[in-house]
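Q: Whenever a hint applies, use it, and build me the whole structure from the sequences.
Listed below are the residues making up each chain.
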Amino acid sequence: MYEKTLKRVFGYDSFREGQRDVIEAVADGQDVLAIMPTGAGKSLTFQLPSYIKNAGLTIIVSPLLSLIEDQMLHIRERGERGVARLTSMETLEEKQDILNHLKRYRFLYLSPEQLAVPHVTRALARTPIQMLVVDEAHCISQWGHEFRPEYARLGELRKQLGSPQCMAVTATAPEAVKKDIIEKLALFNPAQFVHSANRPEIRLIVERLTTEQKLPRLVELVREIPKPAVVYTATRREAESLAFSLEDALFYHGGMSTEDRRLVQSQFLRDEVSVMVCTSAFGMGVNKDNVRSVIHFQLPATLEAYMQEIGRAGRDGNPAFAVLLYAEGDERIQQFLIDQQYPKEKDIRVAYFERENGTSLSQLPRLLRLNEEDPVFGLLKQMLSERTLTGAIDWVKERKRDRYRQLGQMIDYALIKTCRRDYLLRYFSEQPVDQEPCCDVCGPITFPENEQVVSKNVTDWKHRLSRIFSFD
Amino acid sequence: MVHLADGVLLLAIDRLKGERSERSLFHVLNGKRSATTLQDAFFYDLEPIFGLFPYTKYDYEKLLASLEKRGWLNRSSFTLTEAGAMLASPEAVRDLFDRLGGEQRDYATMTWKRLSLFIQTFMSLEHTRTFYPVQADRHAERWVKQVVRTERDWRPLIQSFHEELETALDSIGDPYATAVVYRFTGAFETGYTYEQIASLLDVDARTARLYFLAGWSALLNQLPEDAKLRGFSSGLTTERMTLSARESYDLFAAGRTFHQVQSIRRLRTSTIEDHVVEMAMYLESFPLDQFVPTEQIALVEQLREADSWALKPVFDQIETISYYQIRLVFARLKRGETFV
Chain A
77 MYEKTLKRVF GYDSFREGQR DVIEAVADGQ DVLAIMPTGA GKSLTFQLPS
127 YIKNAGLTII VSPLLSLIED QMLHIRERGE RGVARLTSME TLEEKQDILN
177 HLKRYRFLYL SPEQLAVPHV TRALARTPIQ MLVVDEAHCI SQWGHEFRPE
227 YARLGELRKQ LGSPQCMAVT ATAPEAVKKD IIEKLALFNP AQFVHSANRP
277 EIRLIVERLT TEQKLPRLVE LVREIPKPAV VYTATRREAE SLAFSLEDAL
327 FYHGGMSTED RRLVQSQFLR DEVSVMVCTS AFGMGVNKDN VRSVIHFQLP
377 ATLEAYMQEI GRAGRDGNPA FAVLLYAEGD ERIQQFLIDQ QYPKEKDIRV
427 AYFERENGTS LSQLPRLLRL NEEDPVFGLL KQMLSERTLT GAIDWVKERK
477 RDRYRQLGQM IDYALIKTCR RDYLLRYFSE QPVDQEPCCD VCGPITFPEN
527 EQVVSKNVTD WKHRLSRIFS FD
Chain B
6 MVHLADGVLL LAIDRLKGER SERSLFHVLN GKRSATTLQD AFFYDLEPIF
56 GLFPYTKYDY EKLLASLEKR GWLNRSSFTL TEAGAMLASP EAVRDLFDRL
106 GGEQRDYATM TWKRLSLFIQ TFMSLEHTRT FYPVQADRHA ERWVKQVVRT
156 ERDWRPLIQS FHEELETALD SIGDPYATAV VYRFTGAFET GYTYEQIASL
206 LDVDARTARL YFLAGWSALL NQLPEDAKLR GFSSGLTTER MTLSARESYD
256 LFAAGRTFHQ VQSIRRLRTS TIEDHVVEMA MYLESFPLDQ FVPTEQIALV
306 EQLREADSWA LKPVFDQIET ISYYQIRLVF ARLKRGETFV
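As they're listed, the protein sequences go chains A and B. In case it helps, this note's numbering puts the first sequence at residues 77 to 548. In case it helps, this note's numbering puts the second sequence at residues 6 to 345.
Misleading hints may appear alongside valid ones.
[Unchecked claim] Rough simulated footprint, nothing fancy, chain A against chain B, three-plus residues with beta-carbon under 8 Å:
| hint | segment |
| --- | --- |
| 1 | 119-131 |
| 2 | 156-170 |
| 3 | 178-184 |
| 4 | 196-207 |
None of these hints come from the bench; they were simulated from the model. Each residue gets a CB set at the ideal place from its N, CA and C atoms; glycine is no exception.
A: Written out as structure tokens, the structure reads:
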């Protein structure tokens, strides 16, 4: 019966590993704590039960606007209209309209702040709620790395809603955080699911090269590997220049206009282009199941980021490839990017000195040659209001040391001479697994024959226009 | 490598004749609807690019620095070097510049967002294909949602849209037609990014974007009054006058005096003066002599330095005139009227 719903609503033939157990627990009415890596298909686990039970609204609390937007887009993409959101982006009238017609909706996304607005809480308390889902649940814990004060009230709000069934989801949760989530949300004897971070379908490869060899090798590799493929790099400029050097490739980064970004994503999703060269801006919520390869032309900053990025390959469960191209010295780019995210010690000193001598905050950017909108300036402002000069300098040093340490772990992954999968799993406190094929250390990895997935159609504009307007 | 798009920006600087500042151009490029910026765009023929280059301060600074570094710009006087002037001079640059149309209250942009999103939505529904909306604009989204839902015989209408587009683009021709058509997304083909269009047309991406803007603007101008496509502009206006100036104008048109208008609207004298300047710039006919004595009008015209819209030289030579009055006369002169 679950499979039927899965096929009818989502168009998939089978569940991914672990999804079914979670869904059964949810459908059974239990509170649930699910720790699933990004890309394991967690949104399906709280959406599907809604179609099985049809017992009212599923409320999803999520901290990030972009996450809400992406998820809604995907729900609508499959033709579901009963989805709405309450965030800072809606006008008062829109919000009121949604609250007045809650019966229309199957899923309601909102930020924790919106849920805490008294008349929102009241309106929701009057409507049948099937389940309250708390996404990124680790934000509730002071032990977590992303504590959000707005999350602290969620337990109390849940009570005000009549204590509906509750599901907490997150990608990472050490023991202390787990305990915190269960306590603060008052989960009752929750069914707990911890997914392995391992993605057995992804073969792991590292190629060590010289800096000069990297670009020619990339060009060659992109021809050999199965596509669609994503190439990750560190900077916008490099994303653009690599895309020009590769066949049938487009670039994607945060500096493009919204319309162009959407065009690129749509082309990639529809297999109209086979290679996407991008910075880490690409991928947030991009649900493309048939990505066959992820190549890293530059090191990511952390192993978590690496796992998340390679995790975009092979979501359909078929074999996929993760290739890291590493040349000695590559880490300098990441070091540079890390340094850029924090104010320089010299600038911190100047800022504190100037403020003490009566310079206004608004004059600082010009004095320091910083862009007002630069997050570094935001950080500096925050430090000025919260810390002493030495406190600020020490804080930055400590943060940077931490980031360098994480980068060091990423470099180790490229350098080790033992199983790469073991290394990754150990990093996520998991037991090693034996699998075949695994990684380039365990045995040679070969790429299968490349099938052509992309269709290209360049014609003169009149033909193109006719095709766009064609009913056949 | 020099591209047409560079030429267009250089020409914009050239047209300011060193009479306005870097910041003036910044506001024109961003389409700021303030009295000064509207006047700058009007007097220095920058309306075609008004609001089409939304730079951040930071990126604008980078742009100017790079123009200077390439030897095209004197930043101290905000004028072009000889090399820069040469790049701004080709007919092709001026032609593209003047085709751009400029942003008018989002008229062109919003019409495009609505039409492109509608076509994508409608054709995808028609072919029962899921799709990823190319536009993220919530106003456009809501508008399209309402329109798509209405029951009507869509097919013949869609066919008219197609024909109207083809006829207009046929007369506009390439490269503009290609740039416009390849931005559309249908049920099976996704629109091209500016980079992709650039490689079709063998130009750079910024120039490809300008080709699209020029083509789209021309298309809107070419559509016959009764074109079905005009429905996508419903509720939008191309009026250049600000809403506030329009309100003052309505009062003037109803016969109120300057003082009455001011006391009704409770605005400062200088604000109402700005409104009158807008009227002088944008109205077909304007009773200039109600605001400036006749003999002074002629004097201003005579004293104006050829090819300059600088106010000060005139102001310094007439004792009993204000900057505001000179602006009014200049506005009518700029519109081609003459009083001597």
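Q: Look at each hint and say if it fits the structure.
A: Here is how each hint holds up against the structure:
no. : hint    : in the structure
1   : 119-131 : holds (count 3)
2   : 156-170 : holds (count 6)
3   : 178-184 : holds (count 3)
4   : 196-207 : holds (count 7)
The structure fails none of the hints (numbered hints given earlier).
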